[in-house]
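A.B. asks: Given next are the chains, with one letter for each unit.
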Amino acid sequence: MQKVGIGVSVPRKESQDKVTGLAIYNTDYLSPKLLYAWLVTSLYAHAEIKSIDTSEAFKVVGVQAVITGDSYHLLCGPVIEDHPPLAKEKVRYFGEPLAVVIANSEAVAKEAAGKVIVEYNPLPVVNSLASALEEGASLVHKNLAFYKQVKPNEIFPKTGTNIAQHVKIRKGDLAEGWRQSEVIVEANFSLPQSNHIAMEPRNAIAEIKANGQVIIHASTQAPFDVRKILCHCFNLTDTQVIVNTPLVGGGFGGKTNVQLEIIAYLASRAVHGRAVKLIESREQDMTSSPGHLGLEARVKMGATKDGTMKALEITLEVDVGAYVDSGSQMIRAMAADCTGPYHIDHVWCDAYGVYTNHTYVTAFRGFGRLSYVFAIERTMDKLAFALGIDPLELRLKNALKSEDTTPTLVRLNKSSIGNLPACLTKIKSMMNWQEGIRRETGSNKVVAKGISCLWKTSSSPPDATSGAIITINADGTLNLNVGTVEIGSGSKTSLAQILAEKLSMDVNKIHVVMDVNTGISPSHWKTVASMTNFMVGNAVLDAAEDLVEQLRSIASIVLRCPPEVLEVGGGKVYLKEDPEIYIEINEIGNGYEYPEGNSIGGQVIGRGSFIMHHLIHMDKDTGKGRLGPAWTVGAQAVEVEFDTQNYTYKVLKAATVIDAGKVLNPKGARGTITGGMCMGLGYGSRESCLYSEGGERKNPQLRTYHLMRFGENPTYLVDFIETPLIVAPYGLRGIAEHGIIGIPAALANALSTAAQVELNQTPLTPETIWQAKRGKLDDSL
Amino acid sequence: MIPFDFAYYQPASLAEAGGLFAELAAQGKEPMYYGGGTEIISFSRLYQLFPRAVIDLKGIPECNTLEQKDGKLVIGAATTLSQIQEANVFPLLSWCGGRVADHTMRNKITLGGNICSRIPYREAVLALLVSDSEMIIWGKQGLKRVGINQVFHQTLLLEPGEIVVQVVIDEELTKVSFTSMKQTMDGFVHYPQDRIGYPVVSIAALKKKNQINFAFSGLCSFPFRSTEVESFLNHPSLPWDEKIHQAVETLPAKIIDDMEGSADYREFVLKNMLSDIVKRLEG
Chain B
1 MQKVGIGVSV PRKESQDKVT GLAIYNTDYL SPKLLYAWLV TSLYAHAEIK
51 SIDTSEAFKV VGVQAVITGD SYHLLCGPVI EDHPPLAKEK VRYFGEPLAV
101 VIANSEAVAK EAAGKVIVEY NPLPVVNSLA SALEEGASLV HKNLAFYKQV
151 KPNEIFPKTG TNIAQHVKIR KGDLAEGWRQ SEVIVEANFS LPQSNHIAME
201 PRNAIAEIKA NGQVIIHAST QAPFDVRKIL CHCFNLTDTQ VIVNTPLVGG
251 GFGGKTNVQL EIIAYLASRA VHGRAVKLIE SREQDMTSSP GHLGLEARVK
301 MGATKDGTMK ALEITLEVDV GAYVDSGSQM IRAMAADCTG PYHIDHVWCD
351 AYGVYTNHTY VTAFRGFGRL SYVFAIERTM DKLAFALGID PLELRLKNAL
401 KSEDTTPTLV RLNKSSIGNL PACLTKIKSM MNWQEGIRRE TGSNKVVAKG
451 ISCLWKTSSS PPDATSGAII TINADGTLNL NVGTVEIGSG SKTSLAQILA
501 EKLSMDVNKI HVVMDVNTGI SPSHWKTVAS MTNFMVGNAV LDAAEDLVEQ
551 LRSIASIVLR CPPEVLEVGG GKVYLKEDPE IYIEINEIGN GYEYPEGNSI
601 GGQVIGRGSF IMHHLIHMDK DTGKGRLGPA WTVGAQAVEV EFDTQNYTYK
651 VLKAATVIDA GKVLNPKGAR GTITGGMCMG LGYGSRESCL YSEGGERKNP
701 QLRTYHLMRF GENPTYLVDF IETPLIVAPY GLRGIAEHGI IGIPAALANA
751 LSTAAQVELN QTPLTPETIW QAKRGKLDDS L
Chain A
1001 MIPFDFAYYQ PASLAEAGGL FAELAAQGKE PMYYGGGTEI ISFSRLYQLF
1051 PRAVIDLKGI PECNTLEQKD GKLVIGAATT LSQIQEANVF PLLSWCGGRV
1101 ADHTMRNKIT LGGNICSRIP YREAVLALLV SDSEMIIWGK QGLKRVGINQ
1151 VFHQTLLLEP GEIVVQVVID EELTKVSFTS MKQTMDGFVH YPQDRIGYPV
1201 VSIAALKKKN QINFAFSGLC SFPFRSTEVE SFLNHPSLPW DEKIHQAVET
1251 LPAKIIDDME GSADYREFVL KNMLSDIVKR LEG
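For the record, the sequence lines run as chains B and A. Here the first sequence stands for residues 1 to 781, where the numbers follow my numbering. Here the second sequence stands for residues 1001 to 1283, where the numbers follow my numbering.
FYI, nobody ran anything at the bench for these hints, they're computed from the structure. All C-beta atoms, glycine included, are put in the ideal place defined by N, C-alpha and C. Relax, there's no trap hidden among the hints.
Non-contacting residues of chain A with respect to chain B, defined by C-beta distances greater than 10 angstroms in every case (computed):
1. Glu1016
2. Gly1019
3. Glu1023
4. Lys1029
5. Ala1053
6. Gln1083
7. Val1089
8. Lys1144
9. Gln1154
10. Leu1157
11. Gln1211
12. Ser1221
13. Glu1230
14. Glu1242
15. Lys1254
16. Leu1281
According to the in silico footprint, chain A covers these stretches of chain B (three or more CB under 8 angstroms from chain A):
17. 684-694
18. 706-713
19. 757-767
Could you put together the complete structure from these sequences and hints?
C.D. replies: Below is the structure:
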């Protein structure tokens, strides 16, 4: 029997369409009835809107409507409702949408958008975390106290300030921790906001039918959340809103946010429900839609002389920009895992979400982890050098294991934490660690290595659910319908593998419905948090069991035996003791017909579902709680060749060893981890949202916002440890985001060792290293 | 997408192009000649340029030559940077032009377009400056031939309606020793290109008998070759540190200070590069 299930490098089901250019993305949808929208965006970071003159825009032939924020009394936001979809009364960041032109063509809409005249009255700009937090700071939101909290258990703003969120971790007794510490190190860190830069810029299409039915076509990671938020904002019911999502051209968290769908809906409403397509230009995608958070961190860490970590005090100040969105959730997630994967008895963490007049933020690959991990892992190196212990050995000594507790007091077991020591041991030999972390190789060149660990749990709502439906075709193939979006991670193929394994059949005989339609797809929380294989995978297994039970029940009648003696596999239902006695599933999948015409059965529909369990909100005062079911741990390393004369460097190697629980698709997993590492190198080495003194975005283009390019990639090394997560399908753990998390830290550790200077910020350009060296030289004078 | 309408012309001869230009200018349409058009697209879509008429020079035969004749290399202005790189008839030009933008863009960007660009860097020009190339320019009086160092001062000094037709390079100079270095914000750029980005500093150097010619991009808001800078760098008796120090003191304008690199850092990179280049070329 041919079986292609778990552990096999199955090509992605959508690959052929993608490489031939035939794959359909959201904006490929064309119709002669479509109208087009173009955003008018703010030229100021913080200003009162004195007036918006749309009269010249209306004169452009082909303009259907122009809408502005004035027309709506509407505040949105997934956690706290602080966000007007179109700026009203004032603008809070450069690039903020403040009007929309709707026209017969995109060209006309764009031309007319250039003719909307906005008069501003500039306000003092909150342009940094420091200026947001200083006494008497200008307030980004004067009405913070009055905003409706959608999730009051999860957000703790401080009224009268720019602090939108404050999360506390109080574990053990910090004073006792310092008493036990023989060596204490401290450091400050700074990481800028950055952009997602998915290949497909964000976009949405909205239409309102005459009967009130709202049809949204969205490039989103969260079609069910789009539906929920539209229903919430506009008093609609689930049945009135249908969200369609085809293949998505990359998201990286940036398409979890619901923004353009709301604006497109408003635009459609302004033209009597006609379908309106709204596509952001690359520049708008980088300034008007949310990016990745910025962070300033202060870390104090203590250990005994033998390297046993005893105490950690960490302050995280997160630049969430002008609106909270899911920034508040990322702050919780960062605080909950704030120690990194190390056992520390005494932990104190204060994590703040701070409003500024920067572009607001949303989920980004790793959900905040790569930022705080940078601070922890750089401090780990500092501690190692202060103790005179090898940095990798220090991590090995303190790695979390079974029976340890997390900062939020979750007691770990082998299944929930996996095996970090095994990851570290493997990466040690993979990187040839014993040859030394700094070697001079002649002609001003130094080769240096840096290490970082990572861990991450999910942070879903405690009641997040997924569903799956399986049906059988006349040719014996199966249809699998799930609510997860194919955002390029190959999740639909992974789910087919899970089903193939369960039913012992060829994965090529399983068709997965690629598109999501909230009217007919089983629901799924969101395609985020590296949770698809876990949540939807469990739903698929549940559906498969349901399918098997039905098949055995019908087959037992046809084969004249009790269902218990039957097995399903290879597309057949067969007698356990004699597989030669069987019936093909296609003969019974849609009813079975006896030779004389009598029929029994009917369509077999396997249905399954999954809901998260035993998750607990974090306590407001101590942080005690449980955000996710388990962690994925891993070790990462970077090797650089550094030029001591001109401070340029080349990344030679980047490596990851991750405890995947079980590797579903080896090549797919390698690709996912490698992609994460590449993104991490980009963020660590060059990516940064730059703002002028007035808070205007200085680099909102790919000309000036630097990304990793094809020719710059180092040798990527990827390997896996397999410690099963017992509640997951086949023991697998989420790995989709994790490749990025420790890489900026590992890069900074390698470069700090190479340049012999502490590098505590990103991006790590040759110039920033030169500046750090120069600072050091100046200090020594 | 370009959010406005404009007129497009593709003349088949220089005279036709010039005639169109005069006519459109008289109508107040502020016409622009172009080769690849990449800047027209990228600036227009951001409302930073509003051409009402464009004249495409790619259909003019003289602008499309790429030939070696009578000891001269003649390159038409509409030749793309990719074509020049592939033909590799002048390695220094391949190097300088081959690190402009990315490969897809170089399939469009033309030599003439790069020379006349609005972007400060225009790195293909460096190879032309150090090799004392000549420019064939079409104007009302017909074709004229002038040394690039006579007509390129920050920008190419053209009269309205004039067209860069060809660049002529002495074949001898395509075979002498040269070097070229470029660093972006992210690091050193090797050739063939491994990194993409605007130069923090880009230098082309060519050894002509005992003299080394230098041209620079990324330092000032325009590419340049300076006889003063060269005279220090080629000074027969000054020690190297001093040569470089003096050269930096005599740059023709303030060093660029922006988000790609501060002025101090650019100066640091410049000094490092000069010392590397001199080591290499002096052997």
